[in-house]
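Visitor: Residue strings, one per chain:
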Amino acid sequence: MNGLGGLATGFVAALLEAWQELRIHKLRVLLSLIGVTIAVTSLTTAVAGAGMAEQLMKEQLERQGRPAMIYAYANDPTNMGMPTATNETSAAFKKTAERFKVEHTSIVGRSPGVQATHQGLSVDADVQVVDPDYAPMHRIFAQRGRWLEEADANNLSPAVVVDKTVVRSLGLQNAKLPATVEVGTGGEKVSVTVIGATSTQDYGTMGQMWMLPETYEHWFAAAVPLGDVSYAMWVPTENADELASNFALQMRAELPGYQVNAQRVDYQAWGADESLDQMAMVVAAIAGVILLLGSLSLLNVAMVTMKQRIREVGIRRSFGATTGRVFFSVMMESVVATAVAGGVGVLLSVALVSNPTLINMVLYGGIDEMPGFPVGAALLGMGVSVAVGALTGVLPALVAARVRIVDAIRV
Amino acid sequence: MSGAQLLQLENVTRSVLLPDDSELHILNGIDLTVSEGDHIAIVGRSGTGKSTLLNILGLLDRPTSGTLSWRGKDASRLSARRAALARGRDLGFVFQQFNLLPGRTALENVMAPLMYASGRDFWQRRRLAAESLERVGLGARLDSMPQTLSGGEQQRVAIARALVRRPRVVLADEPTGALDVTTGRAVMELLDAATVESGAALITITHDANVAALAREQFRLEGGRLQPLMQEVAR
Numbered sequence: 000m001n002g003l004g005g006l007a008t009g010f011v012a013a014l015l016e017a018w019q020e021l022r023i024h025k026l027r028v029l030l031s032l033i034g035v036t037i038a039v040t041s042l043t044t045a046v047a048g049a050g051m052a053e054q055l056m057k058e059q060l061e062r063q064g065r066p067a068m069i070y071a072y073a074n075d076p077t078n079m080g081m082p083t084a085t086n087e088t089s090a091a092f093k094k095t096a097e098r099f100k101v102e103h104t105s106i107v108g109r110s111p112g113v114q115a116t117h118q119g120l121s122v123d124a125d126v127q128v129v130d131p132d133y134a135p136m137h138r139i140f141a142q143r144g145r146w147l148e149e150a151d152a153n154n155l156s157p158a159v160v161v162d163k164t165v166v167r168s169l170g171l172q173n174a175k176l177p178a179t180v181e182v183g184t185g186g187e188k189v190s191v192t193v194i195g196a197t198s199t200q201d202y203g204t205m206g207q208m209w210m211l212p213e214t215y216e217h218w219f220a221a222a223v224p225l226g227d228v229s230y231a232m233w234v235p236t237e238n239a240d241e242l243a244s245n246f247a248l249q250m251r252a253e254l255p256g257y258q259v260n261a262q263r264v265d266y267q268a269w270g271a272d273e274s275l276d277q278m279a280m281v282v283a284a285i286a287g288v289i290l291l292l293g294s295l296s297l298l299n300v301a302m303v304t305m306k307q308r309i310r311e312v313g314i315r316r317s318f319g320a321t322t323g324r325v326f327f328s329v330m331m332e333s334v335v336a337t338a339v340a341g342g343v344g345v346l347l348s349v350a351l352v353s354n355p356t357l358i359n360m361v362l363y364g365g366i367d368e369m370p371g372f373p374v375g376a377a378l379l380g381m382g383v384s385v386a387v388g389a390l391t392g393v394l395p396a397l398v399a400a401r402v403r404i405v406d407a408i409r410v
Numbered sequence: 000m001s002g003a004q005l006l007q008l009e010n011v012t013r014s015v016l017l018p019d020d021s022e023l024h025i026l027n028g029i030d031l032t033v034s035e036g037d038h039i040a041i042v043g044r045s046g047t048g049k050s051t052l053l054n055i056l057g058l059l060d061r062p063t064s065g066t067l068s069w070r071g072k073d074a075s076r077l078s079a080r081r082a083a084l085a086r087g088r089d090l091g092f093v094f095q096q097f098n099l100l101p102g103r104t105a106l107e108n109v110m111a112p113l114m115y116a117s118g119r120d121f122w123q124r125r126r127l128a129a130e131s132l133e134r135v136g137l138g139a140r141l142d143s144m145p146q147t148l149s150g151g152e153q154q155r156v157a158i159a160r161a162l163v164r165r166p167r168v169v170l171a172d173e174p175t176g177a178l179d180v181t182t183g184r185a186v187m188e189l190l191d192a193a194t195v196e197s198g199a200a201l202i203t204i205t206h207d208a209n210v211a212a213l214a215r216e217q218f219r220l221e222g223g224r225l226q227p228l229m230q231e232v233a234r
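Just so you know, the sequences run in chain order C and S. So the first sequence is numbered by numbering that gives the first Met the number 0: it starts at 0 and just counts up by one. So the second sequence is numbered by numbering that gives the first Met the number 0: it starts at 0 and just counts up by one.
Chain S extracted, bound-state conformation (with noise of 0.2 Å):
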């Protein structure tokens, strides 16, 4: 059961210039209703735009054309300044290639986004990421720098991470594709339960069938036209 709408795309479009004045489209009128509590998997071949639309739903590009609306509020109006603020608010991201900070800790990368917090959230920056990396299994792990850790265990310091902030939407940008399938497995399970927990909407991009078959509503990218899968399995 679907909560509040948060995110919605509207015929969106997204095309650069080449460097030959010829312009690429790489999104073709995509329209994507997300709602909290939602868990959603776009899959599709590499190359047809599935991180340009990851982009654009986390508000770090823009839509060409169409309509990007951020809790019913026309997102593309959104200064730089109120997107940045409204990303480290409301947005999480998981990346691929984990993207932990060098030479900072897991403790320290988890406080990252806190520091820029306001009030209560920077000054307990310390306690609210360690008591998020305790909920991905990693207490034991605070201290330890990102190169002592597994491929697994660092994508659980990056789920800390995304969801020390409690955002309302998590952007997971192939989590697993630097993982092997049981440790892959066990890091999508780990992140739909933390969003479940959480409420927030859990959108996740892939070409991993198994994992997009972990989502309630499946969707493919191809041609730079979103088509539902598969729509609002049970629970």
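Bound conformation, chain C alone (with noise of 0.2 Å):
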């Protein structure tokens, strides 16, 4: 018991010495850690950006179908086999999904080459042709106004969704929704009503506008019949890859005389995953970098200092502190200090990091679901700066504990 407890009072004692030596040297300490402050600032942010960015990539990547993503494609052997959609399809496509229980389904038909405009602004668009599962089976939000619903189908006037390159190009920002805007196609003009805006944008100048399929067999089939037609289902992704296969086979039996084809399209499937560990090491390797120069700067200022300490090193071992004691207290001189600079640096990329016009304005895109700061960033920091001020301090620790008592004295 009072072998712990003395061993507890040195600990706090020498925590106590530490923290006395660093509020004496105030300006030696400040200037020496500020390599360390920014290191870690750097090595918080790259962590925790680089989490963000995984996130941005994610979303970005999510849009082209959330894993496991399966596409059926049915093409009819008499349309040149270009993938067609006809009620026939549609109904052994509805079948055969309640057949092996897939809960989230949506066909997706584009045609291209709309024009929309709104007084006197026109933007060229995309149109996709889907059901509402479309929206969460792809991580698309509507930011104002709301998503597709089954009932949009029975509107009098045509419910479309857009993107922030429509609404952008069409200056429809402050404007309240629902709003009427013009659609052209095939020659024919056909007043529509924007329900809702999403975040997303394409990085070229086209737009895209999402619709249900009622809503363009009804107004737009006559003059552009709808193309390249998939049928998406959104599954879990154990299996994914059996059930696409089983799926095709099944479908295939559905419709007779059709090539089904069904197969995985999400970034796992095509390991786009890899390249997000990728970049994660990459920035990783930029911090250490870092990190590492901050670390020589501050054992230089350690070393330098510490021939300066000599004496009063010879001083204290006269009070009786032993070499262990001497070691220990310069060591959590380091270890103290860098933890204080660590500490100022994780706070400083939470400010920086939690910063959400900062982040989209660095990462060029907007996240929709702004994740909370990385608590493993922030515990890497503190755990580096900890790790940094106990290697850096070894040295000027050893350098004192090897101090001899009568020279030190009369130094």
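For the record, the hints were derived by calculation from the structure and aren't laboratory data. Treat each hint with caution, since some may be false.
Below, a sample of chain C positions facing chain S; criterion: calculated Cβ distance under 8 Å [what the hints assert, rightly or not]:
hint, residue
1, 2
2, 4
3, 8
4, 23
5, 61
6, 314
7, 320
8, 401
Glycine residues also receive a C-beta, built at the ideal position from the N, C-alpha and C atoms.
Assemble the dimeric complex from its two separately framed chains, guided by the hints.
Guide: Below, the structure is given as structure tokens:
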């Protein structure tokens, strides 16, 4: 008990001594720790920023389909083998999906080349013909207004949802939704009602517009029949590939004469998640170099300072400080200092990374679900700063511990 | 009247190897016994090995040969750790240049040795240090920085620091060397009174005959040998 008590007292005393030393040499400590603070801020920000970038990349990749996303195509041999959608193919897909208990499905058809106009402004847009489930399946949110619902098929005016490019190009940023715009295709113009706007955008000049199949069929199909149609389904990732091939076989059985294919199209199927890991590794390597430079500058200052403190060490030894205690105290000075610097660095990083405006500006894109500051990054920053303190404290601590008392008190 | 024996040197020598591989003999056949309540002065010219002898007595250095006993046990076999613990617990040092820790107040300087204590002494270090400073007449200067104190006051802080852990032996190396005659005498009287009050032995190393005259036993160190000048004067 006495031994443990003595050990605890020694630990507390070493911490107090370290804190006293830092308090007395505020300016020197402050200057020597600037490098560590910057390094820890960089490291933590890089790790947390990589998390943000990963989230952004994930969001963008998931707009092509969240894992596991299977697209099924029914190719009509009489229509040059093009993927097609008829009442027959849609019924076969629905029946097969029910059989495999697939909860989220959507038709996906594309009709390129429409032009949307509003109060003299116009933009070329892609029309995607989709079911209401398409949005959760592709991580699409209506930032303003709302997404498509089944009841919209009965609307007297065609209901559409548009992306950020259409909103910006048609000057709808401040317009109240629903808003009416003109859509021209195949030489005809139709007034449509914009019921929602998403946060998504393509990086080209083309805008994007979504509507229900019934809406397209009623208002636009006569002018431009829908081509390039597929059926999407969102299923659990386990055994998704096996499900895709079984689904194709079953749907083919429902559609004699058709060529039916089904395959995974989400990013995990083509290994995009590996590039996320590589990006994190590159960022960590850069942060490591910054940290190494910060540590070297800290070590340099600590060694020079220790040479000037030899007499003080000698005096403390005359009070009864053991070699171990001198070693531990000097090392704790470094650890306490870098822990404080690390704390400041992590706080700076939190302030930077938790700022959505800054993050969206740096990452050039909008994150729909802003992730919280990763606790792992904060812990890593603190852990690394304490480790740097311990490592850079070892050399000066060794110098202090090896001081010959009789020489030191004469200095 | 002396109490229990604390330190004993028997035929102690100390020599060092010079860069040309020759040996320099600093101390030769030193015999000395220090008991509780003793006040011993060791005089000698500069370079005669006074500080080396004090370092050996203070467990800061080891003899080359001979025996150093600490409270009846061979101290030359003490591990560095045990020697440090014994130093902290039982020995107090007063240096010529005061050796106050820079950047710390008088109170923090006196608290410094208590940072290596345990139990009550550690947890009540502020109170104990303040009391020690009160005893040397610096109760009003607790928060003063060393550079704002006079030489005499700095040495009184050093004395308070040496006595704060209630040592059995106080070793003073030229304690008045950096002070004028009047201040030096006042400091020595204070040191003597404080050690008499606490029952500690006081060993003073000096080249000043007036300072040595305050001691009850006096020795001269010359040619590495210790010769008694005067034995046990009445208090």
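Visitor: If a hint holds in the structure, say so; if it does not, say that too.
Guide: Going through the hints against the structure:
no.	hint	result
1	2	violated (10 Å)
2	4	holds (7 Å)
3	8	holds (5 Å)
4	23	holds (4 Å)
5	61	violated (59 Å)
6	314	holds (5 Å)
7	320	holds (5 Å)
8	401	violated (11 Å)
Checked against the numbered hints given earlier, the structure breaks hints 1, 5 and 8 and satisfies all the rest.
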